[in-house]
Amino acid sequence: MASLDYPESFRELVKQLRRLPGIGPRSAERIALWMLRSPDAKPDQLAGAIGRARETLHTCRLCGFFAEQEECSLCRDTAREGGELCVVETATDILPLERTGVFRGRYHALGGKLSPLDGVGPEHLRIGELLERLGQERPKEVILALGADVEGEATAHYLAEMIAPTGVPVTRIAQGLPAGGGVEQADQVTLHRALAHRRAY
Amino acid sequence: MSRLSRLSLRGFRCFESLEYEPGPRLSFLTGPNARGKTSILEAACMLLRLRSPRTSENREMVRFGGEAFALEGMFGETRLSITCTPPTRVLKLDGVVQAKPSEYLVQGRIVWFGSEDLLLVNGPAERRRKLLDSAGLQLAGVGMTDAISYARNLKNYERALRSRNLLLREGKPRAQIEAYDIPLSESGDCLLESRDALVRALAPLASEACRAISGESLEISYLPGASRPMKEALEVSRSEEIRLRQTRVGPQRDDLGLQLDGIPAGSFASEGQRRTIALALKLAVAGLLTRINGVAPLLLLDDIFGELDPGRRDALLAGMPSDAQAILTTADLGGIVLPSDSQVHRFGESGLEAA
Ligand SMILES: [Zn+2]
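Protein sequence lines, in the order shown, are assigned to chains A and B.
Under the working numbering, read the first sequence as residues 1 to 201, first letter to last.
Under the working numbering, read the second sequence as residues 1 to 355, first letter to last.
FYI, nobody ran anything at the bench for these hints, they're computed from the structure.
The model shown is predicted, which means the values in this text are computed figures rather than measured ones.
Quick reminder that beta carbons are idealized off the backbone N, C-alpha and C, glycines included.
A portion of the hints provided could be inaccurate.
Pulled a few chain A residues facing chain B out of the computed Cβ check, cut under 7 Å [what the hints assert, rightly or not]:
{"#": "1", "residue": "G147"}
{"#": "2", "residue": "V150"}
{"#": "3", "residue": "A154"}
{"#": "4", "residue": "H157"}
{"#": "5", "residue": "Y158"}
A few chain A residues that face chain B, going by a derived Cβ cut-off under 8 Å, partial list only [as the list claims (entries may be wrong)]:
{"#": "6", "residue": "I163"}
{"#": "7", "residue": "D187"}
{"#": "8", "residue": "L195"}
Full structure from sequences and hints, please.
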């Protein structure tokens, strides 16, 4: 006996939804049903929004952030000119830093981090573009805001080495005890780092 | 004090189903070989530590023709269970599924001894590094000597080392290789420091255990694979590592020096002496875990007597940590006088029977 299933067009919709990150078969089915049945669903608007975003969104030529023109709004903001340049791993790291309101310079997303075990070398990252920008924009400081894992560390050291000949001062965001954490709860590496990077009052 | 009071095996190794209730102190499993005595120890190890000392493949523990195994047991007041359908597994504490193993793994600690541990004395240094790791990875507490820091350092070091060696092997530019110097020496220095401290703490315990078993004098010492700070050791080894295309210094070259009555033990020790030394090292780890964690680990001792002469057998039993629970296997007990609080099960025709 052939088993009963949804019609082909519905199955295709579920199939496409399932390809989205974090969506399993059950959620895909639930979303598809809601999309087609709920009076609140606006599937045409959704389809349109996806299409328009795809058409108008680019990667900023300079920093790698999302942009609707050749350069993003951060890079076009002349008030940020000649300030600090903050280097991050991916474009999605930019907004959390921006939202702190503490940093008023420009950004540069590398598009990843060095990881020889995954076949990622310097040639796969936007390091050449970074060095070019340093020559043109002459920021007064480069701030490395990379992850504290093995790969983030290695990438930071590699960049510091590459930037040194340009004469632009390089700093790295502080690493140490988390806010609200005591010395007693800190692990060995965190304490080593916190001690090594202590500063004068 | 937490004891393993019940252990149940389903579809595990040669057992379709087995219930076993070890006693609070020394519990012996005796009987002919190939009946599965070691598999019961392995099940206890798997239940408490989620890993087997005999294999890294969970599939190998599934009973022939089956697809899954399940282990369950009472440890102290907590019911532990693991259901493993390779490659997936489900862990439960008191029936509550644990998404991550961290909470599960703090329940019980073990010290395992098997005949393969005789190679601790004359086998490759990796075995001796693993012994130190088995202590480092089971230490409770926070700060400088806890299992979580140790595990993280080990993992980060291994990743940095593999990356760096790959770059060296492929002859990449120095800047790419040296980018790993800091992450490598950072976790490396922590490991060197932790292992140094571990050996210092283990040394007197190992001497004491060896003297109790055989009257011989055992001295252990840490032979670090790099001087600290490791960053400087890396710089000194630069030309050698370029020539050999491999990182030449670091904890991956650590060793443990073993001297019996003042002579390096690896080259001359007899089978009986090797067994004595290996047991002394394991009992030292047990002693250290007891002291730091405040709770004795469960001792799982496979084929413990081997070729030991009767004198050493009696001494070994007398020297068992007085507050520890141990499950021990041996083909037969011969004329050994067991401590009064011992329990003996024997594999007979109808399976496991209390003797
Ligand atoms: Zn931009």
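- Evaluation of the interface hint that places Y158 of chain A against chain B, nearest CB under 7 Å: 4 Å, holds
- Minimum Cβ distance from L195 of chain A to chain B below 8 Å? 12 Å, violated
- Query: With 7 Å as the cut and Cβ atoms as the points, is V150 of chain A at the interface with chain B?
  - Reply: Hint holds; V150 of chain A Cβ to chain B Cβ min 5 Å, cut 7 Å.
- Item | Agreement of hint G147 of chain A with chain B interface, Cβ distance less than 7 Å | 11 Å, violated
- Query: Can D187 of chain A be said to touch chain B, with a Cβ gap under 8 Å?
  - Reply: Hint on D187 of chain A: holds, closest Cβ of chain B at ~4 Å, below 8 Å.
- For the hint on A154 of chain A, just tell me whether its beta-carbon gets within less than 7 Å of chain B. 4 Å, holds
- Query: Should the hint that H157 of chain A touches chain B count as held when the rule is a Cβ pair under 7 Å?
  - Reply: Holds, about 4 Å.
- At a threshold of 8 Å, is the proposed contact between I163 of chain A and chain B supported by beta-carbon distances? 11 Å, violated
In summary, the numbered hints that this structure violates are 1, 6, 8.
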